[in-house]
Amino acid sequence: MNATSLRMAWRNLWRHTQRTILMIAIVAFGSWVILVMWGITDGFIRSMTDTQVIYNQGNLQFRALGYADDPVPSNGLTPEQVEGAKQVLGRANVQAFADRLEVYGMIRSSYGSDGVIIRGIDPLMEQRVTKLHDAVSRGRPIAQSGEIVISAKLAESLDIRLNERIVLLAQGASGTNSQAFRAVGFFALNLGELDNMVAISLEDAHALSEWAGLTAIAIALPPGTSTGKSANTLEAQLTSAGVGGIEVADYFALNPLARTMLQGASIKMIPFVIMISLMAGFGVANTAFYSVLERTREFGVMTAIGMSRKLLAQVVLMESVFVSGIGFVVGGGVGYGCLIYLSRYGLNFGTMMAELGGELGIPTIMYASTSGWYWLGALSVVVFTALVAAWYPARRANRLEPVTAIREG
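Be aware that the sequence shown starts at 342, since it is given in the numbering used here, and climbs by one per residue.
Keep in mind that the hints are not guaranteed to be accurate.
Simulated pairs of lysine-lysine, DSS-like, Cα-Cα distance not exceeding 25 Å [to be verified]: (1) K472 to K427; (2) K472 to K494; (3) K570 to K427; (4) K472 to K570.
Worth flagging that the hints you see were computed from the coordinates, not collected in a lab.
Take the sequences, apply the hints, and build the full model.
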């Protein structure tokens, strides 16, 4: 490969402007689709996980082994396990942690009743782990015993107003317990679990459930910390400290349905990328092949006057590389611009995602991701496609016999 072949390839491209623009458009479209689909898919996953982590679950949780199979307080963390776990967390690389005690119960207002998840929290500890308090759209977060915060959706269905008295019922060790609360705030989040959740003080949750321990300890990690590595480290620290019967659960352990759905989405992306690559490859190969056929006589004359067939093949190959490079720059630039826009303003699915999405913890507004790895991935696909697509036309040019080519041309 030398400067002569590069100059010839570049000049040959623009001798047939319409054909060149068509090839560039095909590659640009393929690059744009691959880049945007990767960004949206990754952004979809991040939007879903970030919403749950920020407003509901925290980065990690300590739970008792077997609690997920039968989530009742008596299967939760015992006071001894809680004490040992907190000693480990006090020495670990975590940003904050918060005590939680959840129990299934019933909420009753003057206009109806409904089943709910009653979550007991320490208001100050919880604010350092999640931002549920920021989601309170009316009223304020709880500050003391006897106060309750519920979802706006639940408040609407039961016609509950601010400062109204409501009653919670829950099953304790000695029977059904009930307690009156004052509704001090409503939070608005389209998350299925939180739409049927109420938050009260940890003290009140202990009284309702008659359980002295916890059902979970939610953990916030420092920004940029690997969740997987932190989970493994914490498990090792629990073991070395002799604290048994506790599992460290991340987002996917807490949301197995989401894990299955996202694995399926990732698998489906593979044939999609292959299909787009084949489309772009066939477009480039077809156009390059007919370009060689059109210039058969020209190539015959060039080889007859001394141009090597190897150099001729390099010229054909470089034409495809130039076209693919320009197409990638155009398609990648437009595609990345779309991702930047979607990362700022998002895709609002509105009511279309409200029901299904809420059950899976999917927010109604999805934000795209703008990782630089998408550029590298799309570029790899485009370069590979260009080289494969140009192989046969270049091979045909390399095998041309001057006399035969001039006669056939």
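Results of checking the hints against the structure:
A hinted pair counts as satisfied when its Cα atoms are at most 25 Å apart, and K472 with K427 qualifies at roughly 22 Å. Restraint check: the Cα-Cα separation between K472 and K494 comes to about 18 Å, which is no more than 25 Å; the hinted pair holds. Under the criterion of a C-alpha separation no larger than 25 Å, the hint pairing K570 with K427 is consistent with the structure, at around 19 Å. The hinted pair formed by K472 and K570 meets the criterion: a straight-line CA distance of about 24 Å does not exceed 25 Å.
Going down the numbered hints, you'll see the structure goes against none, and every one checks out.
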